[in-house]
Amino acid sequence: MASTAIRRMAVAALAAAGIVGSMAAQAAEDPIKLGAVYIRSGSASSYGAFAEQGMKLAIEQINDNGGVLGRQLEYEIEDSQGNSGTAIQAMRKLVYQENVDALMGIDSSGVAQGVASTVPQLQTPLIITHAATPDVTGKMCNDYVYRLSVNIVQNMRGAAEIAADSGAKRWTTIGPDYAFGRQSWDFFGQALKEKNPDAELMSETAFPRFGAEEFTPFINSIMDADPDGVLISLWGGDLVNFVRQASDLGFFDQDMEIMFTVGAATEVLDALGEQMPEGVWLGTRYWFDAYDNPTNRDFVAAYKERYDKAPSYNAEGAYAAVYAYKAAMEKAGTTDGPKVAEALSGMSFDSPMGEITFRAGDHQTLVGPTWGKAGPMDDEFGIRSLTDVHVFDGKDVTPAVEETGCSL
Amino acid sequence: MTAFFTALLNSLDIGLLLFVIAVGLNIVFGVLNVINFAHGALYMIGAYLGFSLIAMLGWPFWAALIVAPLGVAALAVVLDRLVLRFIYGREITDSLLLTFALLLVLNESVRMIWGSGIHVVEPPALLAGTLELPGGVLYPVYNLFVIGVGLTMLAGLWALFNRSRVGRIMRAASLDPDMAKALGINTRLVVTGAFAFGAWLAAVGGVVAAPMRAIDPGMGDKIIIESFIVVVIGGLGSFPGALIGALVLGAIHAFGGRYFPEVNMVLPFIGMALVLLVKPNGLMGKGAA
Numbered sequence: 001m002a003s004t005a006i007r008r009m010a011v012a013a014l015a016a017a018g019i020v021g022s023m024a025a026q027a028a029e030d031p032i033k034l035g036a037v038y039i040r041s042g043s044a045s046s047y048g049a050f051a052e053q054g055m056k057l058a059i060e061q062i063n064d065n066g067g068v069l070g071r072q073l074e075y076e077i078e079d080s081q082g083n084s085g086t087a088i089q090a091m092r093k094l095v096y097q098e099n100v101d102a103l104m105g106i107d108s109s110g111v112a113q114g115v116a117s118t119v120p121q122l123q124t125p126l127i128i129t130h131a132a133t134p135d136v137t138g139k140m141c142n143d144y145v146y147r148l149s150v151n152i153v154q155n156m157r158g159a160a161e162i163a164a165d166s167g168a169k170r171w172t173t174i175g176p177d178y179a180f181g182r183q184s185w186d187f188f189g190q191a192l193k194e195k196n197p198d199a200e201l202m203s204e205t206a207f208p209r210f211g212a213e214e215f216t217p218f219i220n221s222i223m224d225a226d227p228d229g230v231l232i233s234l235w236g237g238d239l240v241n242f243v244r245q246a247s248d249l250g251f252f253d254q255d256m257e258i259m260f261t262v263g264a265a266t267e268v269l270d271a272l273g274e275q276m277p278e279g280v281w282l283g284t285r286y287w288f289d290a291y292d293n294p295t296n297r298d299f300v301a302a303y304k305e306r307y308d309k310a311p312s313y314n315a316e317g318a319y320a321a322v323y324a325y326k327a328a329m330e331k332a333g334t335t336d337g338p339k340v341a342e343a344l345s346g347m348s349f350d351s352p353m354g355e356i357t358f359r360a361g362d363h364q365t366l367v368g369p370t371w372g373k374a375g376p377m378d379d380e381f382g383i384r385s386l387t388d389v390h391v392f393d394g395k396d397v398t399p400a401v402e403e404t405g406c407s408l
Numbered sequence: 001m002t003a004f005f006t007a008l009l010n011s012l013d014i015g016l017l018l019f020v021i022a023v024g025l026n027i028v029f030g031v032l033n034v035i036n037f038a039h040g041a042l043y044m045i046g047a048y049l050g051f052s053l054i055a056m057l058g059w060p061f062w063a064a065l066i067v068a069p070l071g072v073a074a075l076a077v078v079l080d081r082l083v084l085r086f087i088y089g090r091e092i093t094d095s096l097l098l099t100f101a102l103l104l105v106l107n108e109s110v111r112m113i114w115g116s117g118i119h120v121v122e123p124p125a126l127l128a129g130t131l132e133l134p135g136g137v138l139y140p141v142y143n144l145f146v147i148g149v150g151l152t153m154l155a156g157l158w159a160l161f162n163r164s165r166v167g168r169i170m171r172a173a174s175l176d177p178d179m180a181k182a183l184g185i186n187t188r189l190v191v192t193g194a195f196a197f198g199a200w201l202a203a204v205g206g207v208v209a210a211p212m213r214a215i216d217p218g219m220g221d222k223i224i225i226e227s228f229i230v231v232v233i234g235g236l237g238s239f240p241g242a243l244i245g246a247l248v249l250g251a252i253h254a255f256g257g258r259y260f261p262e263v264n265m266v267l268p269f270i271g272m273a274l275v276l277l278v279k280p281n282g283l284m285g286k287g288a289a
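Chains as they are written, first to last, in this note's numbering: chain E, 1 to 408; chain Y, 1 to 289.
Quick caveat, the hints were computed from the structure, so don't treat them as lab data.
The reader is advised that the hints may include incorrect statements.
To spell it out: a stretch of chain Y is covered by chain E in this simulated footprint if at least three of its residues, at any positions, have a beta carbon under 8 angstroms from a beta carbon of chain E; those stretches are [unchecked claim]:
1) 4 to 13
2) 108 to 117
3) 187 to 199
These numbers were taken from a predicted model, which means no experiment stands behind them.
Note that beta-carbon positions come from the ideal geometry of N, C-alpha and C, so glycine has one too.
Based on the provided sequences and hints, a complete structural model is requested.
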């Protein structure tokens, strides 16, 4: 009897030793965790879905090539529901419960404004990959918040150049009634006035609420005002609704310059297909066909092979952010939050948009938008192609640090 | 004048579509005493089923308009038997909590089945394009069709509740379930039937909305907010209330967007607040004001 008990204890001790041993071995090889917060429910959830695809692709590629600091990468993703309160909770959960090493994501300008000031408390860096309000790399900037994607000012400076060249004089806007729509119009107006002092910014503007569904009254109201050019900053399902209802009302048959500030989002082009009218200007933070460099070619090819789609700007933003963290963690030699945040400052790394740099003064990357006219259908991806493509250089469209209101 | 006339038509097509959806919410409340938070999700599933039948299986729009709502009604029977029947006699807050949970489950199911992408459905050829009305008003044919559907449903529902035996049974079961039971009416069947009928109405709204709205996983949440505003304005559980509330909200959207495109966002809520100040139970609501 006694011998059986002793034998059992020995087995238990051995097993325990084995567990402890494997735990010690694991600590060195524990994966590095990235935490992402994107919109994963509601009308704009396709943006979150594309971002997750881009993120996953980058992580798989990095893991196949030996990981980061000899450790594998993995990720946790949470739903912001397009709401800053939810996004803050999600970020806390990721940092305190899931113990993620770094944060990325954030789709909406409103959400970005809400979360920016809480990031330093988490002692974990955040790379914003989509939200475009200049405030988070301007008056709300801080040591932990970075933005990889094109912001509103950069995009609107590019847009204003096209608008000035078009010769259209009287401009108005239709945009969602929150930070993104209002700021797009403000910065577009400023930039346009600089380039063409004769341009007129009309007082008849329209700001339907985000998710309005019914745009007919606004379209009629703008058509009555008879502008020469219209800047449209609607996005996601709103943009799809708008284009279909505007087509029905003959909006696109009028002699107007029409500029969709984020119209070349493949999430929207996928949905609309041929219904996106030819000849309108479409802006985007990234266009898969506009960058002729090996990194972009490999990214587009790998994305197509994996998902049978063209990568959207949100997919590219998430993909590039993973590589940005890889570079920053290798530069810092650690995954420690404050050190990685510091390493990002002024760091250059290779992305599908070429080599890009997080400017030390405000943590904004020096990137520019792509604008082009909706052209014939792209048979490979079943979406409109872009013609007359303008890729703006980040250096030309990014305001100096002193102008951003950021002091770091 | 044409601007005014266009806005008037617009308020009718927005309002009557909202009526078809919100009246379902009211019928369910009247008979089951349940405020169905998941009503918008049923509308969304109607639209997605319509999309699957039309765009994926190549069915004609008209066939989808018949079949998809019946599918949603069948789903509603299952939901009623599995979940809702346990809370019939309970407090109204319990039903809000339960149907909110149902909404989350249905929303996520839609995302799992159809993905998070945005989809569009083409209107049938007969209803595509624009019509020039007398006075030079150009109006999309499909939106006129929506007005037609709304008026047809209005007439049909009025006849159902006032002229038919089924309608009278439903009203009896909602007014006094015990007496109805004593008179030999199978109230359980009536209750399940009313829930399925409410779901059917939501889904008809969904299929009708599909050719003019983006189909995405958020469309249900948008419409439930609108429907609640309709019910607050018109009065909970009231049939004429749903009509009046929907037309008022349609007019707020159409005229507000047309003439006050800068401040339109607050208008529905101002309208709602005004009604609550004057008639706390809604314009057609029961009980003392």
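Hints breached by this structure
Violated hint: only 3; rest satisfied.
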